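Q: Take a look at the letters that make up each chain.
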Amino acid sequence: MTTLDQALELGLNKSEYEKIINYLDRVPNITELGIFSAMWSEHCSYKSSRKWLKNLPTNADWVIQGPGENAGVIDIGNGLAAVFKMESHNHPSFIEPYQGAATGVGGIMRDVFTMGARPVANMNCLRFGSVHHHKTKHLLSGVVSGIGGYGNCMGVPTIGGECTFDKGYNGNILVNAMTIGIVDQKSIFYAKAGKPGSKVVYVGAKTGRDGIHGASMASASFDEDSENKRPTVQVGDPFTEKLLLESCLELMRTDCIIGIQDMGAAGLTSSAVEMAAKDNNGIKINLDKVPVRETKMTPFEIMLSESQERMLMVIKPNSEQKAKKIFNKWELDFSVIGEVTDSKHIELISNNISVANIPLEPLANGLIYNRPYKINKSKNKTIVNTNNNWDISLQKLMNNPDLCSRRWIWEQYDHMVMGDTIGMPGSEASIVRIHGTNEALAITTDCTPRYCKADAKMGGKQAVAESYRNLCSVGATALAITDCLNFGNPENSIVMGQIINAINGIGEACKKLSMPVIAGNVSLYNETDGESIPPTPQIGAVGIIKDTSKIINNKIENSSDNDILIIGETLGHLECSIYAKEISKNENGLPPNVNLDEEFKNGQFILELISKDMINSCKDISDGGIAIALTEICTMSSIGCKITQKNKLNIDAWLFGEDQARYIIICNKSNTKDIISAANQKQVTIDCIGELQGENFEVKDFKKEIKKISIEKLYNLRNNWFENYFSTKI
Amino acid sequence: MKTSIIVFPGSNCDRDIAVAIRNVSNTEPNMVWHKETSLNKADLIVLPGGFSHGDYLRSGSIASRAPIMKEVIKLANNGTPVLGICNGFQILTECELLPGVLMRNKNMQFICKYTYLISNNENKWVNKKEINKVISYPVAHHDGNYFCNKDELNNLKANNRIVFQYCSATGIISEENNINGSLYNIAGITNKNGNVLGMMPHPERAISKNLGGNDGISFFENFFNNIGNL
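Going down the list, the protein sequences come from chains A and B.
Taking my numbering, the leading residue of the first sequence gets 1, the next gets one more, and so forth.
Taking my numbering, the leading residue of the second sequence gets 1001, the next gets one more, and so forth.
In isolation and in its complexed conformation, chain B is listed as follows (with noise of 0.2 Å):
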């Protein structure tokens, strides 16, 4: 199991990923920094949380250009799953790896705090036992409501590639229950073939019950049982 997680001035959960990754797959992931130009083959390639180049100019998009990224591009459209969590979603869209952007949440505060998530589509990523059953991560970010127009939102319905949503505890997707104003109350989206995966929710940070959740495990775990599915 090899895990490549991209560091850029700025990131700030690549430790907190690195830990996750640790603990679960029982391997060391390796950490790289963005000026880089190549990459090992790896069966992972992460885009951690934080706030990339401070999230000047438009979050993400500083590091969308960074040197690493061509590689991460090339290697993504030939296969290799690719995680962007939060400031990695946020670099994926600018990359236009995915489609859309996120805004600024719509009542313009930072959120942090757990929140609740189900999986309604069959995927890859999340572990079949837990597709229609709610779950929940933690978010933390200021720029998290996702937006696409209208034919890409189609494409991603028709395609199964909404992989998260808001909800509430019960599983009830309403507007109510989007924390941050995401079009469809969208958390995670995947790319055409399905091997690129963002999304805003942080599963690394909920792999403890003494740190308040640890429903992020099986998202791990289902991922290293499963290599090669993608």
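Next up, chain A with everything else stripped away, as it sits in the complex (with noise of 0.2 Å):
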């Protein structure tokens, strides 16, 4: 018998006891209420989202999967498919780093893995507090490292990522991990049961009592008492993760498996519920059969520990023997726990008891909230001050956080490993070669937290548009994307109205630019004593490049006669721009607005650019503007730049504008007319700014005073932030 004190200790308010009560007809016992508690979760219910993530266009021709599974899944040609996700792992993070962001690349791996497909890369977005703040430097070593650890050791590399540094995040940090496989179309496996009788079987390591109940803890908001709940984070082994993937697929070879599911938040319960529950079958499982690493473990423990690097397997008559010798070789526990039944519950059985008998339908459909929202967009333009020293504000950015080079977090990351990486990370999308062909896939996540605090709408348009300006400028058709949606408290009206504003702006974006969202995950409550984060709705986009003799990187081979131009409208807007942060102390105001016609244009246009071998580089140009993007171009080159303004505007806003929609390139001399002349008969708007030359960063604006900084200089500020930082006392 449980108690209604019980239900609000593990995160159930007085409405969703009283629900369990009525769908069983009878009070819970703790092990049931326990699993309730689990699955009704928003992490792991979806509650307060899933009336607005319906309107995410999910569908497209090239579409295998869409949400709804452990990851999405996309025709790339040749009779493969890409699986892909990307998921939070926000609060462990923030209560132990390295721990918690090791178990989230560990967590994501095993989505993409239980569906048959080998990881081929991993992608990271990280969001940390102030570099002031006096937590920073610990949660990024630990974060970066236990990414490493996890990563490195499965020897599936990591290319890219983001990281960003905002006040915003002094309290909740934000760990997004996302992970892309390739499967034989013919050989992708799902979460389903099969029919009645079927054996379900456990493999991979055994369970412990570490992670019990993660999915509440990751439901709910932190507060001063939250260093406590560092029991609730799960221990990584990485090294019994790559057993378990190559015993799965050495497996799914075979003929053995019905369906397959990782145990991932909520372990054996969500597991079980989804499987069995997908078929619309029953389950029953003898908890005395689970592997358990310490004694004594309750019903309750068993069903809610998040022990890591387990999975639960729904196989075929007869293969038992053929699937226990193939884990046998790896040292895996395997062991059948239970069957499918037609029950349409989920039984447990401990010490010959049943212990816990649930309809597996509220468990499985959860509940669906529709809550208060008000949408709350700042509305009022703000007048961004100048200093126009873009001289000195140049210097001052590159030798910014969220500008410098990212290389001292992915040099601690095996980005080469499985010998298909093309280029480094930090590029405008990372680039996997599918093996053993001349096709890759391009990669990119993108978000700009500072655009949706001040419109959540225009933020998540904003997103998408980023990560489909990136796909182009490597030369990559866009095909999907993944999204990770981390807020506040959905409680909160105005954290609500964020939630639903972002989601119609990814929503509006997708359809327009033909990206459809075939996974997703939703991350809440990511607020301390009661100050939600900026909301920060992550994409994570994946497109594909035909020809991988195409590709053109940021680093300029031959850079002599090489001309620069933009593509794009420049307008100068400065508000909510890094420049606005950074240099005016100014975060008020409007983001720039996304036109997607533009984007859509643009970005064909640049493909067609280099699909036709027209020019030599490409980056799209976002933070910080044409300054940003040129100075990385020419700090990887190691070549000076001479441009001209030729407009009015305020040299600052002409350099650190950020208006969407644009391209830098660089081009032969000897293309530019040709460029030009194509570029005037498709209605892209285009402009040349100067050449590449000399080893100065040098501009002439419209009243013709030139000023210039070394490249040099500009290099060492843009690569040795993070090494500076950690030596010194900041």
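Since the hints were derived computationally from the structure, they do not count as laboratory data.
Check each hint, because a few of them may be wrong.
Calculated lysine to any residue pairs in the SDA-like style (CA-CA distance at most 25 Å, straight line) [unchecked claim]: (1) A:K555 - B:A1169; (2) B:K1113 - A:G142; (3) B:K1035 - A:A205; (4) A:K325 - B:E1036; (5) B:K1106 - A:S727; (6) A:K555 - B:S1136; (7) B:K1106 - A:S405; (8) A:K555 - B:K1113; (9) A:K546 - B:N1214; (10) A:K137 - B:M1108; (11) A:K550 - B:N1214; (12) A:K550 - B:I1217.
Keep in mind that this is a model prediction, so the values were computed, not measured.
Put the complex together from the two separate chains, hints included.
A: Written out as structure tokens, the structure reads:
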């Protein structure tokens, strides 16, 4: 027998507890209550967001599996499919950065190889608090080594992502991990249970008392006691996961598996419920058969443990021995723990006694809340003061943690293992060759929380548009996205308004740019002591490159005789820019407008230029505007530039404004004319602003005033921020 | 040309080295599970990179006690060429086919990047034309900080057993270019007979310009062109 107090302690509210009693027609016991609380947690049930997520476009001819599985699947041609998803591990990473981040990476990789795909690349999006906050160094170094520790050991390259700092994340960092895998379309596996009588098998690591009730922890806000939640953080064992990966893929090459599901959030509970519910079956599990690593574990603990590196499978009749042999070879536990039934219930047995018996329907379909919301976006324009010392501002921005080189981070990740990574992390989009072919996948992650904070709808749109631009600028055809929606407390109507707005913005952009949402994750309650994080709807996008010989990068090999052109219209929008934040210290105002027609048109034009070998380098223009994009090209290629302002904008607005739908391209002078006339024909705005030349970043403004900074100086500012940060007492 | 690649639980560069060998020698390598107890006659045995047994206890130590290692040690002592890359190098020191140890990198962090190397000694593993020339292979390790005692170091020096040293783009061997803190900038060494090579950098990752570099191709070509000379 349980009480309301126990329910509240497990994160349920009064009406939810009453609903449970109603469903069961009796008071639940503690195991049952634990199962309900996990399945009805925000993390597992999407109860606040589900109603709105339905509005997202999820279909296209190339979509094989949309949201609702372990990961999304798209057709990439030649009988192959790409499998990917992004997931948050925010709360655990704040409490214990190394293990929190490591198990986040482990969890998302499991989601991908559960579907039969071999993971080929990892990405991650990190949002930390201010660099001056006392926890930031500890969290940054812990998260980075945790991501490396897990991914490096698995032998899956970590090839890109994002990392920015803002005081809005002081009390609640974000760690979003994405994995991309490749699978033969004929051998994709799903989370299903097959016919009653089929055997349910547990494989992988043993179950311990770690991470118990992690899903509920992830569904609550932080307060000063959050440190005490350390025991709810799981401990990762990448070696066991590597064995699990190889053994599962080996088993998948045989004909044994009906369905398979990894044990992630809410452990055995959610995997058993989701699998059985999918085919409208029931499931019966004998908890005495579950491999445990500690004695006297209660049914509650076994069902809610989030021990890592575990899988639940339903196997075909008479295949037990064959399957067992494979797991024995890899020295992993293999145990038949139950069977699929026709009861439409989940039944748990321990010591020959029934310890839980719950109808699956309310567990699997969870709750849907229609929470009240308020649309509260900043509608007022602001004037961003400029100081007209662009040379000093550029140096400041180059030495800013949000814009400097991330080399310190990605050199701690094995970004080359598997021998298919093309280019270095830190490019527009990360590229991984499809093994044994001349095709490649391009992957990018994007979100600009500054914009989302001012206008979540525009911010959602912008995140998708920027991911589209990043794919176009490496010559990739955009195919699909996964989202990872990080917000504060949905019970706050303003936060709920942000969620709805962001989803609508994402949906609009995805429709226009033909990038369906094929997988996703929602992370709410990212707040500490009542203060929510800036809305952060993270986008992970995947595209395909059909010919790797066409790939261009930011490092110009042959840098003489190159012109610099800007595609797209420059209006000098400084509000909500990084310039406004860091130089003018003004964080008010409106984000730049996202014109999706322009985005599409300009993106298609870039793809055409790349396919015709017309350009040597291309970058999308985003944070920090033209100046930052051009500095990156110059510092990576060790060459200067000479540019001239032709319009009459304030020089800082011209250089640092963040108008959307823009690219900077570098081409041989002999191609400039043709490119401009092609752009004119397609009504694409284009402007040649100068050439690569010399050893300085040199700008002549419209008053004909010339200033310059040496590229070497900019290089040093850009490349050493992280080392300096850790060697000094900032 | 017969190559045997030993696969330990946690090896993760086994596929990469197989690809390199297949591309360069046009032969199919033989993948051998660590629990095997016999090895067919091979022209080359490779211990690949990765995290054998999770690098738990000490990098390479558990793998060095694997059933197959008895056979590898026997063949190595009889002159069969054995190449240990990264985790393979760690395993070779753990089973004492090579002297010294690989400690944690001096900055205590995992390091993955292209690094410059130079081979200043005449040896059979490096093409004569490339002796004293700077080449570039990537490293990817947490424990690559080589150390041995004075006598061993003198022995390595005196017998031309230091095959690779970390250096600058222009070939200067100095502490500044010592990426992981290794004694004497050591990146790769051989046993007394010269048939066992352990190295931290990954030549198998440097086989395509597209992927960042192709200096590794000549490393494998040299080996396959000179079979039997080791």
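Q: So, for every hint listed, does it hold in this structure?
A: Hint by hint, here is what the structure shows:
1. A:K555 - B:A1169: 18 Å, holds
2. B:K1113 - A:G142: 21 Å, holds
3. B:K1035 - A:A205: Holds: B:K1035 and A:A205 sit about 21 Å apart, inside 25 Å.
4. A:K325 - B:E1036: 16 Å, holds
5. B:K1106 - A:S727: 15 Å, holds
6. A:K555 - B:S1136: 18 Å, holds
7. B:K1106 - A:S405: Given that 25 Å is the threshold and the Cα spacing comes to 22 Å, the pair holds.
8. A:K555 - B:K1113: With Cα atoms ~17 Å apart, A:K555 and B:K1113 stay inside 25 Å; holds.
9. A:K546 - B:N1214: This hinted pair holds, its Cα atoms lying about 23 Å apart.
10. A:K137 - B:M1108: 16 Å, holds
11. A:K550 - B:N1214: Distance of about 19 Å is within 25 Å: holds.
12. A:K550 - B:I1217: 23 Å, holds
Of the numbered hints listed earlier, not one is contradicted by the structure.
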